[in-house]
Amino acid sequence: MKQLGTVIAVSLLVALALASDARADQASAIGAAKAWWKEAREWGTPPASKKAPVAYAIRSKVKPCKKLKVGKATTARQAVAISACVASAYNQLIPAESDFVPTEQGWNATSEPIGPEFDRSQRKAIAAVTRDGWIVTNTFYGEDDDGSVQVFFAVSNDDVVRGMWMLTSFE
Numbered sequence: 043m044k045q046l047g048t049v050i051a052v053s054l055l056v057a058l059a060l061a062s063d064a065r066a067d068q069a070s071a072i073g074a075a076k077a078w079w080k081e082a083r084e085w086g087t088p089p090a091s092k093k094a095p096v097a098y099a100i101r102s103k104v105k106p107c108k109k110l111k112v113g114k115a116t117t118a119r120q121a122v123a124i125s126a127c128v129a130s131a132y133n134q135l136i137p138a139e140s141d142f143v144p145t146e147q148g149w150n151a152t153s154e155p156i157g158p159e160f161d162r163s164q165r166k167a168i169a170a171v172t173r174d175g176w177i178v179t180n181t182f183y184g185e186d187d188d189g190s191v192q193v194f195f196a197v198s199n200d201d202v203v204r205g206m207w208m209l210t211s212f213e
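Taking my numbering, I'd label the letters of the sequence shown as residues 43 to 213.
Quick caveat, the hints were computed from the structure, so don't treat them as lab data.
Source: prediction; values computed, not measured.
Glycine is no exception: its CB is placed at the ideal position from the N, C-alpha and C atoms.
Just so you know, not all the hints are guaranteed correct.
The calculated lysine-lysine pairs, modelled on PhoX-like cross-linking and capped at a C-alpha distance of 20 Å, are [what the hints assert, rightly or not]:
| hint | residue 1 | residue 2 |
| --- | --- | --- |
| 1 | K114 | K92 |
| 2 | K114 | K166 |
| 3 | K166 | K109 |
| 4 | K93 | K114 |
| 5 | K166 | K111 |
Have a look at the derived ranges for each label pair, beta carbon to beta carbon [what the hints assert, rightly or not]:
| hint | residue 1 | residue 2 | range |
| --- | --- | --- | --- |
| 6 | F142 | K76 | 31 to 37 Å |
| 7 | A170 | S70 | 21 to 27 Å |
| 8 | D187 | T116 | 33 to 39 Å |
| 9 | R119 | D161 | 22 to 28 Å |
Throw the hints in and build the complete structure from the sequences for me.
The following block contains the structure:
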């Protein structure tokens, strides 16, 4: 009976340690996504290269986003285009001549696949980069809920953003 108690106690300790590691992995994935988002939102150039491309899928009517439907950013020029799209969409949430900061739903990490908001080619590109790692999400809202920007990131287990996809809705 003591052996059974010992086995149960050790099993619980292992389970708690694994859960703690999963939370740490989630937190680091969220940190990587937040840093990428902040850089792109502030007109920076997020990292993208042939060795580490960033897949993207974007559904937005914001002008700089119209040419960016689905693809992979493998050059700094393509990364700048994604940044211009992200920054423009985010700034669309801010009323003219206002210091309003868009509210956010909060950063979350999951390993579950995303929903059907994207077309078939976009879903295919997204699925390719979400096989390993985390999907980190957040939604930003404009003043009086005049619009939203929903972002998703595919973050690998080594905390590198491998993909970004975004949905916008504006009244």
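Hint check results:
1. K114 / K92: Within the cut-off at roughly 9 Å; holds.
2. K114 / K166: 12 Å, holds
3. K166 / K109: 18 Å, holds
4. K93 / K114: 11 Å, holds
5. K166 / K111: 13 Å, holds
6. F142 / K76: 31 to 37 Å: 20 Å, violated
7. A170 / S70: 21 to 27 Å: 22 Å, holds
8. D187 / T116: 33 to 39 Å: 37 Å, holds
9. R119 / D161: 22 to 28 Å: 25 Å, holds
The structure is inconsistent with hint 6 alone, although it conforms to all the rest.
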